[in-house]
Amino acid sequence: MAELNVKETRRARKIRHRGRGSQVPIYLGKQLRFFVNQSDWKVLPMAAIIAALVSMVIRKDFFLTMEGNLKGAFALTCVGIWNGCFNSIQSICRERPIIKREHRSGMHISSYVVAHMIYQFALCAAQTGLSLYVLKMMGIKFPETGFITSWMIVDLGITMLLISYAADMMSLFISSVSHTTTGAMTVMPFVLIFQLVFSGGLLPLPDWTKPLSNFTISNYGIKAIASQSGYNEAPMVTAWKTLDKMRNNELGGTVTLGQIMDLLDSQAVEKRRDTEVMKSFTVGEIAEILSKADETLHLREKELTHPVSFGQLIDLVLTEDAFQEVRELTMIPATQENAAVTVGDVLNMVKTHESTQTLLEKEIGTTITLGQVLDALHAGELAEKFQDQQLNEPVTLGQIVDFLKNNAILQNQRDREFTFKTSIGDLLELFGEENVKQLIQEKTASASYNADYERSVENVAVNWIMLFLFVMAFAMLSTITLEFIDKDKR
Amino acid sequence: MQILKILCSVFLNANPDVVSVGWNALTFVGLWGVFHKCGVKGWWALVPFAREYKLGTCAGRESEGRVLAVVTGLIEAASIVTVFLNEESSLYLFIGAIAFMLLVIQFIYMIRIELGLIEVFGQKKWWIIPWALLDNIVAPLWGFHKKFQPLWTVEDIQSEASNFFSGSKAQVLDQGLTVNLEERTATEFFKKKYLLRDIHMYIQPGRMVLLLGGSGAGKTTYLNAVNGYEKAKAEVVLNGTNMYKHYKEMQYDIGFVPQLDLMRGSDSVYRTLIDAASLRLPKDFSAADRSARVEEVMKIFGLTPVKDNLVSKLSGGQRKRLSIAMEFISNPSLFILDEPDSGLDGVMARELFQQLRQIADQGKIIIVITHTPDRVIDLFDDVIVLAKDAKRTGRLAFFGTIAEAREFFGKEKMEEIVKSVNRQEEGGEGRADEFILKFAEVQHG
Numbered sequence: 028m029a030e031l032n033v034k035e036t037r038r039a040r041k042i043r044h045r046g047r048g049s050q051v052p053i054y055l056g057k058q059l060r061f062f063v064n065q066s067d068w069k070v071l072p073m074a075a076i077i078a079a080l081v082s083m084v085i086r087k088d089f090f091l092t093m094e095g096n097l098k099g100a101f102a103l104t105c106v107g108i109w110n111g112c113f114n115s116i117q118s119i120c121r122e123r124p125i126i127k128r129e130h131r132s133g134m135h136i137s138s139y140v141v142a143h144m145i146y147q148f149a150l151c152a153a154q155t156g157l158s159l160y161v162l163k164m165m166g167i168k169f170p171e172t173g174f175i176t177s178w179m180i181v182d183l184g185i186t187m188l189l190i191s192y193a194a195d196m197m198s199l200f201i202s203s204v205s206h207t208t209t210g211a212m213t214v215m216p217f218v219l220i221f222q223l224v225f226s227g228g229l230l231p232l233p234d235w236t237k238p239l240s241n242f243t244i245s246n247y248g249i250k251a252i253a254s255q256s257g258y259n260e261a262p263m264v265t266a267w268k269t270l271d272k273m274r275n276n277e278l279g280g281t282v283t284l285g286q287i288m289d290l291l292d293s294q295a296v297e298k299r300r301d302t303e304v305m306k307s308f309t310v311g312e313i314a315e316i317l318s319k320a321d322e323t324l325h326l327r328e329k330e331l332t333h334p335v336s337f338g339q340l341i342d343l344v345l346t347e348d349a350f351q352e353v354r355e356l357t358m359i360p361a362t363q364e365n366a367a368v369t370v371g372d373v374l375n376m377v378k379t380h381e382s383t384q385t386l387l388e389k390e391i392g393t394t395i396t397l398g399q400v401l402d403a404l405h406a407g408e409l410a411e412k413f414q415d416q417q418l419n420e421p422v423t424l425g426q427i428v429d430f431l432k433n434n435a436i437l438q439n440q441r442d443r444e445f446t447f448k449t450s451i452g453d454l455l456e457l458f459g460e461e462n463v464k465q466l467i468q469e470k471t472a473s474a475s476y477n478a479d480y481e482r483s484v485e486n487v488a489v490n491w492i493m494l495f496l497f498v499m500a501f502a503m504l505s506t507i508t509l510e511f512i513d514k515d516k517r
Numbered sequence: 003m004q005i006l007k008i009l010c011s012v013f014l015n016a017n018p019d020v021v022s023v024g025w026n027a028l029t030f031v032g033l034w035g036v037f038h039k040c041g042v043k044g045w046w047a048l049v050p051f052a053r054e055y056k057l058g059t060c061a062g063r064e065s066e067g068r069v070l071a072v073v074t075g076l077i078e079a080a081s082i083v084t085v086f087l088n089e090e091s092s093l094y095l096f097i098g099a100i101a102f103m104l105l106v107i108q109f110i111y112m113i114r115i116e117l118g119l120i121e122v123f124g125q126k127k128w129w130i131i132p133w134a135l136l137d138n139i140v141a142p143l144w145g146f147h148k149k150f151q152p153l154w155t156v157e158d159i160q161s162e163a164s165n166f167f168s169g170s171k172a173q174v175l176d177q178g179l180t181v182n183l184e185e186r187t188a189t190e191f192f193k194k195k196y197l198l199r200d201i202h203m204y205i206q207p208g209r210m211v212l213l214l215g216g217s218g219a220g221k222t223t224y225l226n227a228v229n230g231y232e233k234a235k236a237e238v239v240l241n242g243t244n245m246y247k248h249y250k251e252m253q254y255d256i257g258f259v260p261q262l263d264l265m266r267g268s269d270s271v272y273r274t275l276i277d278a279a280s281l282r283l284p285k286d287f288s289a290a291d292r293s294a295r296v297e298e299v300m301k302i303f304g305l306t307p308v309k310d311n312l313v314s315k316l317s318g319g320q321r322k323r324l325s326i327a328m329e330f331i332s333n334p335s336l337f338i339l340d341e342p343d344s345g346l347d348g349v350m351a352r353e354l355f356q357q358l359r360q361i362a363d364q365g366k367i368i369i370v371i372t373h374t375p376d377r378v379i380d381l382f383d384d385v386i387v388l389a390k391d392a393k394r395t396g397r398l399a400f401f402g403t404i405a406e407a408r409e410f411f412g413k414e415k416m417e418e419i420v421k422s423v424n425r426q427e428e429g430g431e432g433r434a435d436e437f438i439l440k441f442a443e444v445q446h447g
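Taken in sequence, the protein lines are chains A and B. The numbering used here numbers the first residue of the first sequence as 28 and each following residue consecutively. The numbering used here numbers the first residue of the second sequence as 3 and each following residue consecutively.
Careful: at least some of the hints might be erroneous.
Straight-line alpha carbon distances no greater than 30 Å define the calculated BS3-like cross-link-like pairs of lysine-lysine that follow [claimed, not checked]:
no. : chain 1 : residue 1 : chain 2 : residue 2
1   : A       : 127       : B       : 315
2   : A       : 87        : A       : 470
3   : B       : 247       : A       : 514
4   : B       : 149       : B       : 39
5   : A       : 127       : B       : 285
6   : A       : 69        : A       : 163
7   : B       : 247       : B       : 285
8   : B       : 149       : A       : 127
9   : B       : 315       : A       : 69
No lab work stands behind these hints, which were simulated from the structure alone.
Go ahead and model the full structure; you've got the sequences and the hints to work with.
Laid out in structure tokens, this is it:
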């Protein structure tokens, strides 16, 4: 445009108006009046109701089991996101033309957004407090000791507040982009679904979508709560519970010997053919085991031989059936005056005669214990001589399988049927219920270990920082977006 | 349509791809004829994406045509990307889902455009069914049968008024408002569009000015350009200060009252005004000064009795007065009001305009848009008439006193003046170019 021939325009008046900082209280006041006079207060009872509903689902096992911790982390993150989103989704778009008018009259967008940030923070804090109170009231047992602070409920409160606040700022951004409340509410479900689906918590994601989790508030929220609740330290109970529910399920049926024999041809057996079922032992190894193993120590005191008295020997011959013939042997044949004298008679006489009593009490032989024998073997030349002597060949699974398969008797009875009937409960009883439970819980928990949920200060702090960055990023985006409000189409 | 193509291929025992190509070829040939009839080069029918946009232009649905072109482009891009992906992969399925969503959008926009085409060709609405299902038959029929002719075309109309500019600039004085606007443009879909051109005027202080113009003539665009909120290629000087160069300082010297009552219903009348005072009054105003000013303004606009009422509880007239009071609080030199009387009955509207007259009499400039000017015309000093020229650009058809306007247009009533510059299809006389040229010549001398 050609420059107009204008006289020097008058120097603009240097009149100062309210700056950014002093405009914040004006808009904070408007927010508070909106809270009181309009419908913003409704978000508080809504937060309590949501917390009550969620607590019904998570109260049984939150802080107690791995699944409970993850479920609780997911549910509380959802609560935070839901509360945050609905706090501010309409807050800007519902008054967009008013903002435009006020911007034209000297309102600073940054002051307006800061006022929103302060107000929404207070709202989120109130909702978080209410939610935690309701959760506690509904029976969720929070551990007494905290992880970052001294109280777990405070730790969890900070996380929930950050989740809620980050979601709140995200919605504020959506609200600042949308020109109408309808537009904002149309976008809202997509954002919520994205947050929940790509949270990377409960729902398994395909590998290529996993990076998307890094852009969700829910991802960091779940990680923070799962870390605080001690996800990795808790047992995993789902597998055991499932098995426990199957306790009355019956297992049974009829199988033939042939079917069992055919199992021996399976690949699983084939792969383990070289597995030694029983190893070979040398004389030395056996002696070593017997002399040192704890299980055999008490046997060392066992007496192998005892001293025996003559009286006991005579009693043995007189009473044992095995000596019947001996007892009846005739020592002095019978005469007309006297009957025959048998060995038994002689022994009875010896036993009862007064002069033989001392002899009867006399013992022959000594006491020898097992330990003495083993020591003698170990120390002696005999043991040394046969120390490396192999007592048996190692036995492999393949040898057993071959034996069974080549056994003509078994092969001839392939059609023989076996009927069995049992239940999972019986099997649990057989193997020991507590053993099985412990094994399953330990193994599944170990398989479900997640480094992101490790209970460490660094882990929680990183997630808190990420949530805070979301807050700042969305607040900044809202400000930038609203700075372009003049460009709105009329 | 895809189903029909498949059915055709089954019926004809032909390769579905061959059927699809044949189907599309017939459609494009038909569109060539349709474009030609509508005043668009026929070969655009063979250019992908541009074809959709041009069809939208033919149908008088340019914005829908733009969306359709973009959506069609995205669908094609999606189909190209999927060629390189494994059909079992999640990404393939995801892009497939997006493409399906785009197909739905494409269908809806195509229906909108076809409805527009039916309107342009003056045909019955039921034609939408054959257009949606058998475009390969309907397009050639409409393109080459003499029975189907458009009621209007999109030919680039050239007129004398569109190319004649006054070239004379309004004077700049220490008092009053000078507007020398060369052009106000907007870019839509990489295309520069002139919203306003060649508007020059000087308004003296203390004048109450009526801004007239038909729908879409650019009245609000003009006011936004004048107050510096939406800058144009222009020089606007208020009381010796260039508003564009010193917008930050001057924005408090301009009161703009929008058409709608843009206030928060949760605030009381007093709170609304005190907050407005906090924003608009200089920082050196004490709290007591601000409060006194608010009380004064409430008294002027008759709002004192309702000072503690919530805005949501006010009547229509009270809201209008409050809306004006918000702007008046900073005692601006230039007061712009966009339909302040909308929703008010005759008595209340007159009362409102009388209050504006009183403000003007204090040496302020007041520019008002109203659609019912004749009931209060005696209160105005000057009138600005904006009109769309043949290229749909807002131009100055007149600026002067009320009496001069009556003489210039040969009309007694202001509403008749608006009717005379409105397009014929809008129920007007279609004489906009005539008056634009006439006034430009007057200005040119």
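>> Tell me the numbers of any earlier hints that the structure contravenes, in ascending order.
In response: The structure breaks only hint 8.
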